[in-house]
Amino acid sequence: MSRRVAFLILLIQAVVMFTACEPESELVTSFVIPSGEHYSTPRMFESLQSNKLHFKARFNETAIYDLGNIADQNSKNKLLGFSDCNAHHHENSARFAWQWFNNELQIYAYCYLNGIREERFLGTVHPDEFNDYSITLEDDFYVFRLNQLDPVKIDRTSTCDKGLYYILWPYFGGSMPAPHDISVDIKILY
Amino acid sequence: MKTLLIVLSCFCTLSLHAQTVETLLGVEKTVAGSALSLRLGFATKRNIAPGVFAQVKPRIGFSETTSDYETFLGSYLQIPIASSEKLLVTFTIQGGFVDYRFLVVTPLAETRIMVRRNLGLVFGLGYRYGYPSATSSLLYRFKQK
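If you read the sequences in order, they're chains A and B.
Each residue of the first sequence is one higher than the last, beginning at 1 in the numbering used here.
Each residue of the second sequence is one higher than the last, beginning at 191 in the numbering used here.
Calculated directly from the structure, the hints in this document are not laboratory data.
Be a bit skeptical, because a hint or two may be false.
[Stated by the list, open to error] No more than 30 angstroms apart at the CA atoms, straight line, and that leaves these computed lysine-lysine pairs for DSBU-like: (1) A:K52 to B:K219; (2) A:K153 to A:K52; (3) B:K219 to A:K187; (4) A:K162 to A:K52; (5) A:K56 to B:K219; (6) B:K219 to A:K162.
[As the list claims (entries may be wrong)] Some residues of chain A that are not near chain B, with every Cβ distance over 12 angstroms (derived): (7) T29; (8) R58; (9) F82; (10) H90; (11) R117; (12) E119; (13) P127; (14) F130; (15) G163.
[Unchecked claim] Restraint ranges, calculated between C-beta atoms of paired labels, are given here: (16) B:Y259 to A:F101: 20 to 30 angstroms; (17) B:R236 to A:E37: 39 to 49 angstroms; (18) A:D139 to B:E275: 45 to 55 angstroms; (19) A:K162 to B:D258: 33 to 43 angstroms; (20) A:D66 to B:L267: 45 to 55 angstroms; (21) A:K162 to B:T234: 45 to 55 angstroms; (22) B:P270 to A:I116: 45 to 55 angstroms; (23) B:L226 to A:T124: 36 to 46 angstroms; (24) B:I283 to A:N86: 12 to 22 angstroms; (25) A:R120 to B:K235: 25 to 35 angstroms; (26) A:T124 to B:T213: 46 to 56 angstroms; (27) A:D150 to B:P270: 51 to 61 angstroms; (28) A:I116 to B:S273: 54 to 64 angstroms.
Glycine is no exception: its CB is placed at the ideal position from the N, C-alpha and C atoms.
Please take these sequences and the hints and turn them into a complete structure.
Put into structure tokens, the structure is as follows:
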């Protein structure tokens, strides 16, 4: 192969690398939880690669639902988060959760701490607008931030430090599956 | 320390059997920005090459508790898929820790073009942060006699 061809390939690669990439701001993934299901599509596997999970999420009118009784309606659906170091997410994890309750879209911090669940109300959001979410992983606690509201700290019980922190994607429930197709747009910020 | 000794002893053993020592200096473009990477590996006669790598990427817009740079250190295994005299297509699996903490495993498909006997260009497509990434590297091979 001649040097000219190699140079041409290098040139094409350089053009692709530095000009043709999709703008970061456009990297929105639309997750759909089909009616009767818990898990969202697309199914993805990804691990946390920094001590902060920062993203924007936008619900729409599909986030409005009626499960027919208060107990199920007051059950948290999961938005996004991560399992803690090498732990199953029902052992140690930190996630944002949401529910349609009292005619509002409520957002919660939702953690498992050594197998014990802890939930804290963070605030409400409106459908059809992007809101800013972040979870910062500190040595002894998680910090949940929703928009400009006061951050909420939850003690971290995992003593593990180095290992796999897998991302937890949108999930409906609770025990009840999605009553209709529910979609949410998520844009992870790096 | 024990792990480090085991890894080093493995590489010492491999280097004795290796036909070529390879170094790659390059850039990986990801959705989270561009990272500078350095790789050192030992290629066998069949172009199977285990090695170690280091990647550094400036961090943008992070809290005061994190450093300005993200480091990704680990080891890799390169497996040849197809080869000709001056071209080599490989599959590479990289695994290591980001910021000495977060375990990350990434696949990479690469094409090598040898421009000179010891000098080559390497282009690849990988998968980082849930999205495709592109790599471009300069390869230098130290051949054993």
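Okay, the hints, checked on the actual structure:
{"no.": "1", "hint": "A:K52 to B:K219", "result": "holds, 21 angstroms"}
{"no.": "2", "hint": "A:K153 to A:K52", "result": "holds, 14 angstroms"}
{"no.": "3", "hint": "B:K219 to A:K187", "result": "holds, 19 angstroms"}
{"no.": "4", "hint": "A:K162 to A:K52", "result": "holds, 15 angstroms"}
{"no.": "5", "hint": "A:K56 to B:K219", "result": "holds, 22 angstroms"}
{"no.": "6", "hint": "B:K219 to A:K162", "result": "holds, 25 angstroms"}
{"no.": "7", "hint": "T29", "result": "violated, 8 angstroms"}
{"no.": "8", "hint": "R58", "result": "holds, 18 angstroms"}
{"no.": "9", "hint": "F82", "result": "violated, 10 angstroms"}
{"no.": "10", "hint": "H90", "result": "holds, 20 angstroms"}
{"no.": "11", "hint": "R117", "result": "holds, 24 angstroms"}
{"no.": "12", "hint": "E119", "result": "holds, 24 angstroms"}
{"no.": "13", "hint": "P127", "result": "holds, 25 angstroms"}
{"no.": "14", "hint": "F130", "result": "holds, 16 angstroms"}
{"no.": "15", "hint": "G163", "result": "violated, 5 angstroms"}
{"no.": "16", "hint": "B:Y259 to A:F101: 20 to 30 angstroms", "result": "violated, 43 angstroms"}
{"no.": "17", "hint": "B:R236 to A:E37: 39 to 49 angstroms", "result": "holds, 46 angstroms"}
{"no.": "18", "hint": "A:D139 to B:E275: 45 to 55 angstroms", "result": "holds, 54 angstroms"}
{"no.": "19", "hint": "A:K162 to B:D258: 33 to 43 angstroms", "result": "violated, 21 angstroms"}
{"no.": "20", "hint": "A:D66 to B:L267: 45 to 55 angstroms", "result": "holds, 53 angstroms"}
{"no.": "21", "hint": "A:K162 to B:T234: 45 to 55 angstroms", "result": "violated, 31 angstroms"}
{"no.": "22", "hint": "B:P270 to A:I116: 45 to 55 angstroms", "result": "holds, 50 angstroms"}
{"no.": "23", "hint": "B:L226 to A:T124: 36 to 46 angstroms", "result": "holds, 43 angstroms"}
{"no.": "24", "hint": "B:I283 to A:N86: 12 to 22 angstroms", "result": "holds, 20 angstroms"}
{"no.": "25", "hint": "A:R120 to B:K235: 25 to 35 angstroms", "result": "violated, 60 angstroms"}
{"no.": "26", "hint": "A:T124 to B:T213: 46 to 56 angstroms", "result": "holds, 55 angstroms"}
{"no.": "27", "hint": "A:D150 to B:P270: 51 to 61 angstroms", "result": "holds, 55 angstroms"}
{"no.": "28", "hint": "A:I116 to B:S273: 54 to 64 angstroms", "result": "holds, 55 angstroms"}
In this structure, the hints that do not hold are numbers 7, 9, 15, 16, 19, 21, 25, in rising order.
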